[in-house]
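One line per chain: the protein sequences are V, W, C and D, in this order.
Going letter by letter, the first sequence gives residues 1 to 358 in the numbering used here.
Going letter by letter, the second sequence gives residues 1001 to 1496 in the numbering used here.
Going letter by letter, the third sequence gives residues 2001 to 2324 in the numbering used here.
Going letter by letter, the fourth sequence gives residues 3001 to 3324 in the numbering used here.
One or more of the hints may lead you astray.
[Claimed, not checked] In silico EDC-like cross-links for lysine to aspartate or glutamate, where the CA-CA straight-line distance does not exceed 20 Å: (1) K1421/W with E1081/W; (2) K2149/C with D62/V; (3) K1012/W with D1300/W; (4) K2134/C with E69/V; (5) K2149/C with D322/V; (6) K3156/D with E117/V; (7) K3156/D with E136/V; (8) K70/V with D2146/C; (9) K1336/W with E3204/D; (10) K2214/C with E2203/C; (11) K1342/W with D2146/C; (12) K3109/D with D1083/W; (13) K1135/W with E1118/W; (14) K2109/C with D1300/W; (15) K2214/C with D1213/W; (16) K1135/W with D3146/D; (17) K2109/C with E1301/W.
[As the list claims (entries may be wrong)] One side of the interface only, derived from the structure: several residues of chain V facing chain C at Cβ under 8 Å: (18) D62; (19) T198; (20) D202; (21) Q207; (22) Q211; (23) K219; (24) A328; (25) S331.
Don't read these hints as lab results, they were simulated from the structure.
Given the structure is predicted, the values throughout are model-derived calculations rather than measurements.
Beta carbons: idealized from backbone N, C-alpha and C, even for Gly.
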Amino acid sequence: NNNGGNNNGTASESASPSASAPASESASPEASGDSSIEALKGKKIALVMQFNTGTFSAQYIDGVKKQVEKFGGEVTVFASENDLSKMASNLDAAVNQKFDGILIDHGNNGALAAGVEKAKAAGIPVVAFDAALGIEGVTDLSQNDQKMAEQTLEQLAKDAGGKGNIVKVWVAGFAPMERRQESYAAFQAKYPDIKEITSFGDASNPQLDAQTKMEAILKQYPEKGSITAVWAAWDEFAKGAANAIKQAGRDEIKVYGIDMSDEDLAMIQDPTSPWIASAAVDPTTIGTVHVRYLYQALHGDTIEPTVQIDSVYVSRDALPTDKQVTTADLSQYVEGWGESDQGNTDYLKELEAAVGAK
Amino acid sequence: MSGIGKSFSGVKALHDARFTVEAGEIHALLGANGAGKSTLMKILSGAYEADEGTIRIEGRELILRSPADAKAAGIHCVYQEVDTSLVAHLSVAENIFLDRMMTAKQRAWLKWRDLYAEAEKLLADLGLNVPVRKKVADLTLAEKQLVLIARVMVEEAKIVIFDEPTAPLSLEETDQLFRIMDKLKKAGIGLVFISHRLHEVFQICDRATVMRDGRMILTEPTSKIDTSDIIHAMLGRSLDDEYPKQEVPIGEVVLSARDLTLGNRVRGVDLEVRRGEIVAVVGLVGAGKTELSRLLFGADEAERGTVRIAGKQADLRAPAGAVESGIVLVPEERRKEGILVKESVLHNLSLPILGQLSKWGVLSGSKEKSNAIGVIGRLGIKTSSAGQLTGFLSGGNQQKVAIGKWLNTGAEVFVLDEPTKGVDIGAKRDIFTIIGELAAQGKGILYLTCEFAEALGLADRILVMCDGRIVKQFLRGEATQENLLYYASAGQEELA
Amino acid sequence: MQFTYKYGALIFIGVVLLFFSLYNEYFFTYGNLTDILRSISIVTFVAIGVTISLTVDGFDLSVGATVSLTTVVTATMMVWFEMPLVVTIIVPLLVGALVGLLNSFLIVKVRIPDMIATLAMMYIINGIHKTYTKGYAIYSNMQMSDGTKAPGVMEKDFLWIGQGKLLGVPFPVILMLIAVIGAHLFFKYTRWGRQMIMTGGNEEAARLSGLRVKRVRMYAYIASGVMAAIGGILFAARVGSGQIDAGSPLLMEAVAAVFVGYSVLGAGRPNIVGTFVGAVLTGVLINGLTMLHVQYYVNDIVKGGVLVLALAVTFMNSHRKKTA
Amino acid sequence: MQFTYKYGALIFIGVVLLFFSLYNEYFFTYGNLTDILRSISIVTFVAIGVTISLTVDGFDLSVGATVSLTTVVTATMMVWFEMPLVVTIIVPLLVGALVGLLNSFLIVKVRIPDMIATLAMMYIINGIHKTYTKGYAIYSNMQMSDGTKAPGVMEKDFLWIGQGKLLGVPFPVILMLIAVIGAHLFFKYTRWGRQMIMTGGNEEAARLSGLRVKRVRMYAYIASGVMAAIGGILFAARVGSGQIDAGSPLLMEAVAAVFVGYSVLGAGRPNIVGTFVGAVLTGVLINGLTMLHVQYYVNDIVKGGVLVLALAVTFMNSHRKKTA
Ligand SMILES: Nc1ncnc2c1ncn2[C@@H]1O[C@H](COP(=O)(O)OP(=O)(O)OP(=O)(O)O)[C@@H](O)[C@H]1O
Ligand SMILES: Nc1ncnc2c1ncn2[C@@H]1O[C@H](COP(=O)(O)OP(=O)(O)OP(=O)(O)O)[C@@H](O)[C@H]1O
Ligand SMILES: [Mg+2]
Ligand SMILES: [Mg+2]
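Based on the provided sequences and hints, a complete structural model is requested.
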C-alpha cells in the first residue's frame, strides 16, 4: 500500500511528521529493578475523553481499563459528551484531583493546552491520543487517518477498475474526518474517472440518517450499476449506508468504511452485506498502547513526541466464512491486527506479571 | 364618546354607541349580559381599539391605541375580570403600584421598604385591610377586588371606570367602596359605574345609561327613573316576577352532612336537604360557603365528617366519586372551574355523561348532539350553534351551560355556589326558573349565596353561615334581610 | 384568509411535492414515496406520543430516551437472552409503559411540572440504558466484555417488522398508518380520547365535571411511553441492532413534527393528523433535498424555514380571526 | 414543612458538598472549586438567557444554536478576518441580539407560540452556522477548502477571556458572577426587571396597566440572545477554536439548571439565583461523581435523580401549602 506522505496534516495536527514506532524501539533499554516496578503499582489514572458513544469508544475504554488493571492501577473516565469546553474542564479536574497520570482521547490543542501545561507543572505525565497537541514533553499517539482513508480508497479504485460513480458519506467539523477528507481530495485528483455523485452525512444521528439518505439516493439512481460504491468515512455511516443498500437489494454496490468494532466486523463478515472492507486500528489495542506509553512516562522514560498506531486493512476475503470473528481474534486472520506489542517494555511485562501473580 | 362601533370576528358588539361622563358625577352604565358595557369601557380605557367613532376628553379628540395612551390621558379602569388584571405571584404592594411600574413615574431603582410603607399608608387611608406583603394569589376574590380599587387611587385620574366592582364584595366592603367613590366624585373626577345590582345604582349614581345589544337605549338622571324603567330598557320587556317560586311537595332527606370540617374555614357543619327543597346557605363573603360546597362535592378533601346522599354514604375522595354518588356542584368561578371556555358548548354539555353517550367507549355523535340540543332548548341557552366555543357566550349563558351539563347525569342533589354572580336580571330569572324546575323534579337544591334577597325569594329554608359554622336556621317567610344580616355578622362578633 | 388558515400547510406540502416531482423524475415513484413513509415511521410513533402528552396539556420530553432504552432492551431480548419473538416485543412495550407510569407518578403524585419531570426522567433513562449495556451497542452474537460471545442473533422474523413488506407496502408504514388512524379515531370518537382533550383544555374544570383527571393524565403518559417503545422496537428492527443513544435526536424531530402539525387544518393545537402531516413534510424535505444534493447543513435551514412558514400561515390568521 | 420547602434545595447542595469533601481530599480545594465554577460559566450564561425568556413567560429553545453560531462567528472574526479584539467580541454580541430580535419578531409580530418559534429558529441557526463554515471547525490558520490557509490565529488576548485569571480567580468565573449578580439585581430592583416579571406573570394585566408588553418581550428575547452570545464567545475562548454544534448540548443542560432553580428558596418559578444554584449543583455533581469512580453513564442517572429530588421537595410542599 502506498504512503502518499501527506502526513503534514491540517493546522490542528501541528505535530511533526511521525514515524511509526515499532515496539522494540520504544522499549526502555534497561530492565528496571523491583523498586521501580513497585512504584508503578496502584496508580490512579484519569482518562479524559471528548466523546464516548458507540462501540468504538466502549472497546477503547475497555482496552484502557484492562491494561491499567493489569498494571495494578485504577482508571477514572471523564466523559465530555463531545463538548470541548467540558473536556477542558474535565482535564482541569483531573489535574486538581492529583491523578498520577492522564490519558487524553481526542480533543485539540486550543482546548487542552492550558490544562496540559497545568498537569506538567504538577508533574503529572500526559499522553494524548488523536489530539495532536504538539506540546513539548507530551506524547501524541494517533491513528493514521490519512492512511486509513487511502487504504480503503485505493482498494475501492482497484475494485472499480479506476472508474465509476461513488457516493461519499462524510461530515466536516471533526479533526479525524477532516484528515480523512485530505486523502479523499488526493484520491479524486488521482482518479478523474471516478465521479462523486453526491455526498452527505450528519453526525448527530449518523446511522439512521445515513440509512434514510442512502435510500433516497438509491431511488434516484435506480438502474443497477449506476452507483459503483459507497465510501463512508466513519463506521457509523457505513452501517447506515450498508443497511439501506442491503434492504434495497442493490448487491452490486459495495461499501468501504473506516474504523472497526466487533459490530462492524460482524457486518463485514455477513455475505449479504454490501460492506466489504474497512481500514482501522483495533480500538482495544489503541487503549492498550495508550496506557503503555503513559506508564513509560510514569516510569520516567523519555518518549518520542509522536507515535503512530498503524492501521490495518480488513476485507471480507480475508475473513473465514464458517465462524464469526471478533476484534479479539481478528489477528489470526489479518496480519498486523491486535496483539500489538507496541509500547511494551520489559519492565512493564514484569509489572504485569507481578500484578498478575497476586 | 360618540359613534363608537366595534365588531368581534364579524359580529357587531357596538353600534354607534354614545356616552358622556361629566367631571364630578357618577354615571351608571347598565345593560344585560353581553350588552357591550365592558367592551365600550375597554375602548375608553385603550384595551380595545374602536373600529369607528371618536373619543373626546375636555373637548380634545383623543386617539387611544393602547392602555398606556388612555392612562396618559387620565383614564383609569377597574376591570371586571379581576384575575386578568393582577399578577398573582407578586405582592399586594407591587400590584397596587403596577401602573406606576410601567412608566417613568417610577424610579428605575426600586426601594422595597418605601414601596411597602407607601402601600400600607394608602390602604390605611382607604380603610382597607389587606396585608401588603402577601402574594395576590393567596387573597380571596374580594380582597383582590379591593387591591384593584386601591390601585386606581394611586393614579392621577380624570375618569375612573368601575366595571362590576361590587360583584365579589360584601355589604360592608361595598359601603367602603361607595365612600371612596364619593370622595373621588367630590374631587371632581368623573366616574363610570357598572353593576347588575340596580339598588346600588340608585344609591350612588347621578345619571344612568342603559345599553341593549350594543346600542344606547336611555340616558337619564337617576332621580327621574325607577327600577322598572331600567329593566324595561335593558330587556326590551318588563319582568313581572323576579323570583318565580313554584310550590312543590317536599320529600324525604336526600342530602345529609354531618360534622364536615376543614381547618378553620369549615367547622363542623351539619345540614340536611330534602327532595324538592331549596335550601339556601347565606353568609358574608369569606364565611366559608365556597369551601363548604367544595367539600360536599369532593373538590377538596374534608378532615372530618360524612355525607350521605339518599341514604348512602357518598364517595367524596374526588369529584368523580361525588358525581357517581349523585351530588353535583356548579362552582363559583365559572370561567375557570365550571366550563371549558375553549371548548364548544356541545363538548361542555357532554363532559359529565360521556359514559352514557358512548358504547364500548365509542361516542355516539347523534346521542351527543341530541343531548346538547335538548339542554340548550330546555335552558334557553343563547348560542349561534352547539359548536360555538363556550367562551364566546355571555356570562349568563355560560352559567346556564355550567348548570346544564349536570341535567342528564341523574344527580339527586345540586349544589350551586353564587350562580347569579355577574349575571343580568333576565338571565338570573331564567336560572331561578331552572332551579325551581329541578326542585319540582324532586332534586335537592343547596343554594349558596351572599345575596340575602335571593335567598329570601327562592329558598324553602335558609341557613346562615358565619366563620365556618351554620349559626342559624330560618324557614321560608321567617327571615328578613335584617335578621339574616344580624346573624351573618353577629355570629362573627360572638366568636371574636 | 380562512382558507389559507385552514389549508395553508397542506397546500404548502403539495407545492413542495410538486416541486420535487418536477425536479426529479424518481421522486414521485411508488418506491420512493413508500421509502419516505418508512423513513418517518419511527419518528411518527414518537411524535404521536408527544401529541398525546400535549393533548392532556403535558409535555413528554422523555420519549427520545425511551426510544433509546427500548431499542436496546429489544435487542438484548434476542441477543443476550434468546427470547421468543413475543417476549422480544412485549418486554419493551412494558418498559415503555413503566416509563410512562413513572412520569405520571412524578407529575400527578409528586406534582412536579410536566416538562421538568420528564426532563429529569430523560436523564435518568438515558443513564439507565447505557448502564444496562455498559455503553455497548447490541448486535447479533456480540462480543461480551467478559470475552465470551452473546448467544443470540437478531431474529429474521423480528427484522421483518422493520424491513419487510406486506402486499408491497413496507410493514413499518402499515404499522404507522394503523397508529395514526387509530389515534385519530381515538381522539375523535372515543370517550377516553375526549376525556384527554377535555383534561388538556382545563384540568380543574374537567375535574370538577367529574373526570378522574389524574387517571386520564396517567393513561396519556403511559400511552406516550408505549408509543415511544414501539418507536424503539421499530428502530431495532430497522437497523438490525440496538444502538446506544439512538433516540436522542428523535425528541426534537418529533416535537418539530408536532409543532408543524399545529397549523394543519387550522387546529392551532396538537392533533394527530397534523402531527402525521408534519412528519411527512419533514420526510419529504429530507428525501427531496438529498436528491437535490444540497449540503446536509442546508437541510436544517430549510426545515426551520418551513416550520416558520407553515406556522406563520396559521398563527397570523388565527390572530386576525380573533380580533378582526 | 415551610422550611424544607424554602431551603430544601440549598441544604441538599450543602449535603452533597459535605459528602464529596469527606470522600475526597482534593474536592474541597480552592483550585477544584474554582474549576467547577469555571466549568459551569458557559452553561450559566445560557441558563440566564433561558431564565430571562421564561420570566416573560416565553421559552427560548434557540439559545444552544445561538451559542454554536456565535462561537464560530467569534473564531472566524480572528481566523478568517483578523479583526481586532473589540470587533471580535462585538460582532457575536450583535449576532446574538439579532437572533433575539428575529425570535421576538416571530413571537410578537407573527404570533407563533414561543416554543415553536424558537424551535424553528434553532433549526435555522443550526443550519446557518454550519453553512457559514461549510461544516468545518474554525481553528488558527485553518486549512480552507480552496487549499489556502486562513490568515489569522486565535489571539492570545482573546483566549485569556476564557482561560486567564484575575487576582487568582478564573476570568470566566468573574464574568459569570457579574452576570448572575447583575441579572438578579436587575430583576429584583429595577423597574425594567419588574416589568418583565409582570409581563410573564400576567401579560394581559401588564398590558392593561399600560405596559408595552411586546416591547418588553422583545427586549427579553434580545437579552436571551446576547447571553447566549456571551456563552458562545466564552466557548471559543475556552476551547481556542470555533467548534461546530458546540452549543447543542448546552440547551438541555441550561434548561435543567433553570428547572432545578425553581426549587431554590421556594420560588417555584424561574429565578436567577435558583438558576445559578442549579448550574452549581450540576457542576458539583459531575465533578464529585467522577471522583467517586462511578461510570460516566451513571452521571446521567444521578443528575436526573437529583433534579427529581430537588423538585419533589418544592412541589410536594407547595401543593400542601395551598390546600392545607
Ligand atoms: N374578545 C372578544 N371576542 C369575541 N367576542 C367578544 C369579546 N369580548 C366581548 N365579546 C362579545 O361582545 C359582546 C359584548 O360583551 P361585553 O363584555 O361588552 O358585555 P357586558 O355588557 O360587559 O356584559 P356583562 O354584564 O356580562 O359583563 C358580547 O356578545 C360578547 O360575547
Ligand atoms: N386561597 C386562599 N388562601 C387563603 N385563605 C383563603 C383562600 N381562599 C379562601 N380563604 C379564606 O377562607 C375563608 C372562607 O372563604 P370562602 O371562599 O369559602 O368564603 P365564601 O363564604 O364562599 O365567600 P365568597 O362569597 O367570596 O365566595 C375566608 O376567610 C377566606 O379569606
Ligand atoms: Mg362586562
Ligand atoms: Mg364563595
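Status of each hint after checking the structure:
no.	hint	result
1	K1421/W with E1081/W	holds (12 Å)
2	K2149/C with D62/V	holds (16 Å)
3	K1012/W with D1300/W	violated (42 Å)
4	K2134/C with E69/V	holds (18 Å)
5	K2149/C with D322/V	holds (15 Å)
6	K3156/D with E117/V	holds (15 Å)
7	K3156/D with E136/V	holds (19 Å)
8	K70/V with D2146/C	holds (15 Å)
9	K1336/W with E3204/D	holds (16 Å)
10	K2214/C with E2203/C	holds (9 Å)
11	K1342/W with D2146/C	violated (60 Å)
12	K3109/D with D1083/W	violated (26 Å)
13	K1135/W with E1118/W	holds (17 Å)
14	K2109/C with D1300/W	holds (16 Å)
15	K2214/C with D1213/W	violated (42 Å)
16	K1135/W with D3146/D	violated (64 Å)
17	K2109/C with E1301/W	holds (16 Å)
18	D62	holds (6 Å)
19	T198	holds (5 Å)
20	D202	holds (5 Å)
21	Q207	holds (6 Å)
22	Q211	holds (7 Å)
23	K219	holds (4 Å)
24	A328	holds (7 Å)
25	S331	violated (14 Å)
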